[in-house]
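Trainee: Sequence lines, in order, name chains A and B. FYI, the numbering for the first sequence is 1 to 147, going by this note's numbering. FYI, the numbering for the second sequence is 148 to 264, going by this note's numbering.
Misleading hints may appear alongside valid ones.
[Stated by the list, open to error] A few chain A residues that face chain B, going by a derived Cβ cut-off under 8 Å, partial list only:
1) C5
2) W95
3) L105
4) A109
[Said to hold, decoys possible] Here chain B is said to cover these stretches of chain A; the calculated rule only asks that three of the stretch's residues, wherever they fall, bring their Cβ under 8 Å from a Cβ of chain B:
5) 22-31
6) 110-123
7) 130-143
No lab work stands behind these hints: they were computed from the structure. Cβ atoms here follow ideal geometry from the backbone N, Cα and C, with glycine treated the same way.
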Amino acid sequence: MSGNCLHYHYVVPGDDFTQAGMASSAVKQILKQLGLDPQIVRRMSISLYEGEINMVIHAGGGEIDVGIDDEEITAVLTDQGPGIEDIELAMQDGWSTATEQVRGLGFGAGMGLPNMKKYSDDLKIDTIVGAGTTVTIKVKINNSKTE
Amino acid sequence: MLLSEIQNILDAELLVGENMLGTDVRAACGSDMMSDVLAFVKDQAVLITGLLNQQAIRTAAMMDMVCVVFVRGKRPDSDILEIARESGIAVMTTTHRMFTACGLLYQAGLNGGLKIR
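Pulled out of the complex, with its shape left as it was, chain A reads as follows (with noise of 0.2 Å):
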């Protein structure tokens, strides 16, 4: 971390799928206000989003913490939801938990995590069974990778 750095809070309530990706598109309008590269832009938004999506299927809503400074993106995103108890199974394309109902609703197709992984430059788990998830998305501003 270097330089000026800008932070945002925003609560995920869980409890109202219509609301999911509130926070995700508050974050894409300052990324791109801040003129950040469009594909720049892109990445963090569609990995956040994943992630908030998640958040509200999976673990009853949370929080996201988002910071912005010279070098870097960085989302984190907490919930108290039941942890993930096979990270190696929960990464893998097409696994998913989800249920008919949340498939009904247009996600639950097991891209959340991978894509996450694909859209980011650099993604961290932690998980504890029972009592929750963090998780860490971060999108370089500048060498980042290219989709």
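Since the structure of chain A is already known, use the hints to place chain B on it.
Mentor: Same frame as chain A, but now just chain B:
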């Protein structure tokens, strides 16, 4: 292909985005599964979907798409349209089914983007 041409080809009703009808797009995707849109869309600018909820618009916005077309005569409510306005996304509804809507646009020269693999 201009959004106005898409509207004509699909005989669609424009619900949001009068000012966007002159926008030129090259590729589209059709899906009810937003997870797949987030995973596989790259440069497709139009989402054709039968999924009627806020996330259809939010997903399109995250992917920098410019238009969402609801098929099978589905009509989004005012909350969904408001998100589209805020996100700068044009919204149309057509009575065509998904397969027909995609086929008509493909036949008229709109493509589906690069192959996945």
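Trainee: Against each hint, give a clear statement of whether it holds in the structure.
Mentor: Here is how each hint holds up against the structure:
| no. | hint | in the structure |
| --- | --- | --- |
| 1 | C5 | 24 Å, violated |
| 2 | W95 | 12 Å, violated |
| 3 | L105 | 6 Å, holds |
| 4 | A109 | 3 Å, holds |
| 5 | 22-31 | holds (count 3) |
| 6 | 110-123 | holds (count 6) |
| 7 | 130-143 | violated (count 0) |
Hints 1, 2 and 7 from the earlier list are contradicted by this structure; the remaining hints agree with it.
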